[in-house]
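Enquirer: Top line first, the protein sequences correspond to chains S and Z.
With our numbering, the residue at position 109 of the first sequence is 109, and numbering never jumps.
Each position in the second sequence, counted from 1, maps to that position plus 1000 in our numbering.
The reader is advised that the hints may include incorrect statements.
Heads up, incomplete: computed chain S residues facing chain Z, CB under 8 Å, no partners named [what the hints assert, rightly or not]:
#1 19
#2 59
#3 204
#4 725
Think of the hints as simulated: they come from the structure by calculation, not from any bench.
By construction, the Cβ of each residue, glycine as well, lies at the ideal position given by its N, Cα and C atoms.
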Amino acid sequence: MGNVIGIGAAPKRKEDQRFLTGRGNYVSDIKRPGMTAGVFVRSPHGHAVLRGIDKSAALASPGVIAVLTGDDVADDGLGSLPCGWGISDAKGVPMKEPPFPMLAQDKVRFVGDMVAFVVAETPEQANAGAELLKIDYEVLPSVVGVLEAVRPDAPQLFDDVPNNICCDWELGDKAAVESAFKKAAHVAKLSLVNNRLIGNPMEPRAAIAEYEPGTDRFTLWTTSQFPHVVRFLMGALVLNIPQHKLRVVAPDVGGGFGVKQFHYGEEAVITWAAKRVRRPVKWVASRSEGYVSDRHGRDHVTEAELALDETGKFLAFRVNTLANMGGYLSTFGPNIPTNLYGPLLGGVYTTPAIYCNVKVVFTNTVPVDAYRGAGRPEATFVLERIVDVAASEMGIDRVEIRRRNMIPKEAYPYQTPVLVQYDSGDPVGCLDGALVAADVKNFGVRKAASASKGKFRGLGYSTYVEACGLAPSRFAGRLGARGGLYESATVRVHPTGQVTVMIGTHNHGQGHETTFAQIVSDKLGVAFENVDIVFGDTDRVQFGMGTYGSRSLVVGGAALSKATDKVIVKGKKIAAHLLEASEADIQFEAGKFSVAGTDRIKTFEEIAGAAYVPHNYPLEVLEPGLEEQAYYDPVNFTYPGGCHIAEVEVDPETGTVTLVNYTAVDDVGTVINPMIVEGQLHGGIVQGVGQALFENAVYDEGSGQLLSGSLMDYCMPRADHLPMMKVATHSTLCTHTPMGVKGCGEVGTIGSPAAVINAVVDALSHLGVTHVDMPATPNRIWRLLQNASLPVAAE
Amino acid sequence: MQISFTLNGRPTTVDVEPATLVAELLREQLNLTGTHIGCDTSQCGACVVHLNGLPVKSCTLLAPGLDGASLLTIEGLQGAPGSNRMHPMQEAFREHHGLQCGFCTPGMLMTAVALATEKPDLTEADVRHALEGNICRCTGYQNIVVSVMAGAAAMNAAKGE
Chain S
1 MGNVIGIGAA PKRKEDQRFL TGRGNYVSDI KRPGMTAGVF VRSPHGHAVL
51 RGIDKSAALA SPGVIAVLTG DDVADDGLGS LPCGWGISDA KGVPMKEPPF
101 PMLAQDKVRF VGDMVAFVVA ETPEQANAGA ELLKIDYEVL PSVVGVLEAV
151 RPDAPQLFDD VPNNICCDWE LGDKAAVESA FKKAAHVAKL SLVNNRLIGN
201 PMEPRAAIAE YEPGTDRFTL WTTSQFPHVV RFLMGALVLN IPQHKLRVVA
251 PDVGGGFGVK QFHYGEEAVI TWAAKRVRRP VKWVASRSEG YVSDRHGRDH
301 VTEAELALDE TGKFLAFRVN TLANMGGYLS TFGPNIPTNL YGPLLGGVYT
351 TPAIYCNVKV VFTNTVPVDA YRGAGRPEAT FVLERIVDVA ASEMGIDRVE
401 IRRRNMIPKE AYPYQTPVLV QYDSGDPVGC LDGALVAADV KNFGVRKAAS
451 ASKGKFRGLG YSTYVEACGL APSRFAGRLG ARGGLYESAT VRVHPTGQVT
501 VMIGTHNHGQ GHETTFAQIV SDKLGVAFEN VDIVFGDTDR VQFGMGTYGS
551 RSLVVGGAAL SKATDKVIVK GKKIAAHLLE ASEADIQFEA GKFSVAGTDR
601 IKTFEEIAGA AYVPHNYPLE VLEPGLEEQA YYDPVNFTYP GGCHIAEVEV
651 DPETGTVTLV NYTAVDDVGT VINPMIVEGQ LHGGIVQGVG QALFENAVYD
701 EGSGQLLSGS LMDYCMPRAD HLPMMKVATH STLCTHTPMG VKGCGEVGTI
751 GSPAAVINAV VDALSHLGVT HVDMPATPNR IWRLLQNASL PVAAE
Chain Z
1001 MQISFTLNGR PTTVDVEPAT LVAELLREQL NLTGTHIGCD TSQCGACVVH
1051 LNGLPVKSCT LLAPGLDGAS LLTIEGLQGA PGSNRMHPMQ EAFREHHGLQ
1101 CGFCTPGMLM TAVALATEKP DLTEADVRHA LEGNICRCTG YQNIVVSVMA
1151 GAAAMNAAKG E
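One chain only, chain Z, in its complex shape:
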């Protein structure tokens, strides 16, 4: 079946099998391999994308559900328009060593950006609670938590400018 949606700001039309998962569509058909698949029980969060601005696990979503929607993946995450800089959350992860092997990182970033957008004044406890659906095996989460708080602060500062 044919579906049309906005992918990282661009109109996109694709033919999909009805049983295709969004994560598979992105990775196999659209060659956007930044969205990762780390489990088969919707636990790990490596596949988080934004659907109409909200974070979702793309391994649990059927592709036909995208029709008419707006999808943002890690490849579309970027800094302010007109700049080629990274998104403040990406910068914060680099600055605070919030990643090691990089596999969970795209999902962490997408969750973090959604969290910081929804709740500008984050506490450490907020961040730890919100990351409950994203598993990282490398960092012990400490620098991820620090990164998310710094990234959220930078997003707020950018908004105020």
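Looking at chain S on its own, in the form it has when it is part of the complex:
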């Protein structure tokens, strides 16, 4: 019994039962026999010479089993943490790539940099031991901001990285852009900051490692979005553990948002320590520890210029950005503000010439890497802000200037001047849909109502596109990727016809157990409840690159679709034999193999049974069993996008910005499960709203201390910050993915910051405000209003 639940339906999620009843299996829930506890000792200084560590008192502390430092790492001949991308400057000179030791050697370069690891019988004893470590630091001045870090007199993080510049990267035709600027009727200019963010998945990072001397095998349980990549990077490049001797398990993971898609030093240290102490070791980060060790996101300072003709057509776009890398290069670090930023500066517009220069800069801060959206929200923010600035300066309506420059639906596939070719899209359709859904025509009425209460109301647009479904390996390789970006899936049909899928993506809230089961149920005609999805274990899943860049459905789902097709192909061969027909005459539909034009039928279950009990079976030409595997490497990125419209109310008395309405109409291609897509959009939008209105990671220049190092100091969006959002889809199909899907994990976060800030600026435009940096906190807005020195009372 049971139902086929196919593509486009919205079944309730398979994974919910365990989470609703408190029976999830997160890393911190796991206990192993004989388990010890580990704590990391972290640098309290932003920048210091590490003169020496005296372990003796710590080692003598009750319960302490081991104290490991950078010297032990060096003695054991271990590698440093690898960077997965090697970018180059315009002349082809590779980026500066200083080593990133898993425990600091000689120097510490950010508050939170790991200095030692203490293993003890209990967490309390490990903490007590850590307190007794005597660490001799020679404190140096820290530099935390990118503008400060590139000054000639700035503290230098590395002896061989002059001016702290890792890479001076560029993209686009500089000469064509310069020539277009000379002909421009108008040039809009904008300086902005894209604020530093901390991802804050609700589950703090954690790891447990175990070594089995009898088999010489290691197991690492870790809060990771990509266990196979951790196995590869850590095993092959850091700890020298052969891949077949290392199992990495990422069980239930409590949110990722990019924060958990890197190979962290903690994972390597704990795995190495487990063999040294010959007992399992467990480490669970506190939230405070996460703030100074989870990779941060964003942190750009940008100057942008848009050249327009007299009708408001965009002629050229020039962007110069300083991007903060933090103290070392993280797994994807240098890729984010370059390859995932510059190619998106075309947006949904026909701008013929674009040039982008990004100086990638080291500072005494936590390494910066991908956070939901990763490069694309930064690009969207620059572009969608400057479009509003240009519209305002030229006296053209903000919607009209967008329409005049949008790529028409018929012009797809559309080659941009910045590498990427959009396969499909309909920006005008999304805009039109959003204008209606947001009831823009009655905005004036609502604005007047706000004014009657003494509030300023503003409306903001963001019409955007992103590149996701990371990534075509060959293309990525040309841009500097050091690995492939395909995905794999195995479809195992059991003798009784139920199906287990092993897939290399990782589910940490996205609903893969449901969505992927729908794909299999739809294609094979198997009941939805008879399909289970296995992920997150390198011993159970063949291989995979994991989940990030809105790639799971786009790339993983495509691999799954291909593997499922192979099952059908083999099933047809078996059916042809059993039905004594030609293979070409066998049809498969709704779970039944039939001979075309006849009523001769074999069910999917009968075929599965025959494959595993091959008595009447073409053994000479066909292997028994029914299990197929596929790898899928996309031919292009996918390009979801859409139109977001934010409506805010500003209280001039307090500077408080309240988001009062939010509308999103997004093109995410084929929708497999609309309930899950809506949930992804809601969550993504609110993370972008968080960037626009609340969140900001702030460092103290000079000391390098993180001032926003707790949930008390770093403002996360809460339920009472938000209105009910309206989300809808306006889909065009991706032309190169098997199911036409484009991905939806990041669209919300990419589209929303610009919409919100454009609304805030609109609300304050009558006071001469032309730009507001994020986050638009009450403090910042109140100061702007005081400085506006204009009558504050609303009409």
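With chain S's structure known, arrange chain Z on it following the hints.
Expert: Below, chain Z without anything else, positioned relative to chain S:
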């Protein structure tokens, strides 16, 4: 020291160190790992349990304070006696996609059940205000708010039966 209390309806006696937090006692000693720890400043609410019927953050409560009390955790939340169904609030979260990664979910549910018990006629604003002490990073709260209102309505309906 030894403490005795009622845990999810069952009498329980345990030895605890005086400085043990209730969240640690549940997770480490009693293997009830549904109560989660998401922060160290009592902000996130992933650890909410019911102490004598009221929602509390178990990361801020010392275990000795449980002596003689009644404690309900996510593992003890269930439907009407005699049924093996989930609690109406759990059902509502599933029905309305009120969870994604699941980490904040136990705390959200415990807060929601306490709220709906205390105030049967909830408005959206009530729910948003009451969830101020529970952080979710996945859902944008929209479906959580919808779930809590639906769950509260279902609890009311069950009470009326």
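Enquirer: Take the hints in turn and mark each one as holding or not.
Expert: To see whether the hints hold, each was checked on the structure:
no.: 1; hint: 19; result: holds (3 Å)
no.: 2; hint: 59; result: violated (24 Å)
no.: 3; hint: 204; result: holds (7 Å)
no.: 4; hint: 725; result: holds (6 Å)
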